[in-house]
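Positions 31 to 263 (our numbering) are the ones given, in order, by the sequence shown.
To be clear, the hints were calculated from the coordinates, so they are not data collected in a lab.
Worth double-checking, as some hints may not be accurate.
[Said to hold, decoys possible] Think about it this way: if two alpha-carbon atoms lie no more than 30 Å apart in a straight line, the pair counts; the simulated DSSO-like pairs of lysine-lysine are:
hint : residue 1 : residue 2
1    : 180       : 148
2    : 84        : 183
3    : 149       : 166
4    : 49        : 90
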Amino acid sequence: MIPKIIHYVWIGGNPIPPKNQRYIDHWKKILPDWEFRLWNESNFDMSASAFLQKAYDCKKWAFASDYIRIKVMYDIGGVYLDTDEELIQSLDPFLFHDAFWGLESGLRMQAGVFGCIKKHPILGEILEYYNNLDFKNEANPLVIGDHIYKIIKEANPSLELKEEIISIDGNMVIYPSHYFCPDLATLNINENSYTIHHPMGSWLPFRAKIRKRLYLFLVSNKLFRLLYRVIKR
Numbered sequence: 031m032i033p034k035i036i037h038y039v040w041i042g043g044n045p046i047p048p049k050n051q052r053y054i055d056h057w058k059k060i061l062p063d064w065e066f067r068l069w070n071e072s073n074f075d076m077s078a079s080a081f082l083q084k085a086y087d088c089k090k091w092a093f094a095s096d097y098i099r100i101k102v103m104y105d106i107g108g109v110y111l112d113t114d115e116e117l118i119q120s121l122d123p124f125l126f127h128d129a130f131w132g133l134e135s136g137l138r139m140q141a142g143v144f145g146c147i148k149k150h151p152i153l154g155e156i157l158e159y160y161n162n163l164d165f166k167n168e169a170n171p172l173v174i175g176d177h178i179y180k181i182i183k184e185a186n187p188s189l190e191l192k193e194e195i196i197s198i199d200g201n202m203v204i205y206p207s208h209y210f211c212p213d214l215a216t217l218n219i220n221e222n223s224y225t226i227h228h229p230m231g232s233w234l235p236f237r238a239k240i241r242k243r244l245y246l247f248l249v250s251n252k253l254f255r256l257l258y259r260v261i262k263r
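Using the sequences and the hints given, assemble the complete structure.
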């Protein structure tokens, strides 16, 4: 059974933004009997791997965070949450899995929300992959979700991502996007939605960040969402 521990990461020395802190405070209200562990430079060795050290030295906090989340989840188990995840209902229903993941729109694996038991073998394979991965600042590596899918696919060649609950080896499950990463533009939020991702996109180049922020501004606008749904009909 997955332990009731929420892991989250914040590195780089800057304070957690007020919006993200509000999300974290809300996690604690929805999960009052869970333990919460913040990981940063004070309690995690930034030289634990060459990938982590290089990403950290280049101030690529998102990529450094990728390694940290995998390492602590493998060593301890629990549920990982990005600090820009809005929790809307308890995660208790997922604790009976050995591991659970979720999709984001476009049938891609996301890693802003996932859970596993301690020493889960897939997490061990992902950790080993990162331990042998060279971080190149001039050519950013794949995002973590792509790495996770690559490794799960290698272990399960018949795996095809689709918008339905996918059970792998009996007790590892991949959930559709509306569970943990509903699309704010299409409003595919329902009674099976547990988190909403409000991405900051800290790993993106400057122009991509501007496009991302414009997109998020538009999809958070009620009039835009209404017009979007009318046009799609």
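Hint-by-hint comparison with the structure:
1. 180 with 148: 21 Å, holds
2. 84 with 183: Judged against 30 Å, a Cα distance of about 27 Å means the pair holds.
3. 149 with 166: Holds, at roughly 28 Å.
4. 49 with 90: 21 Å, holds
Against the hints set out earlier in the document, no violation occurs for any number.
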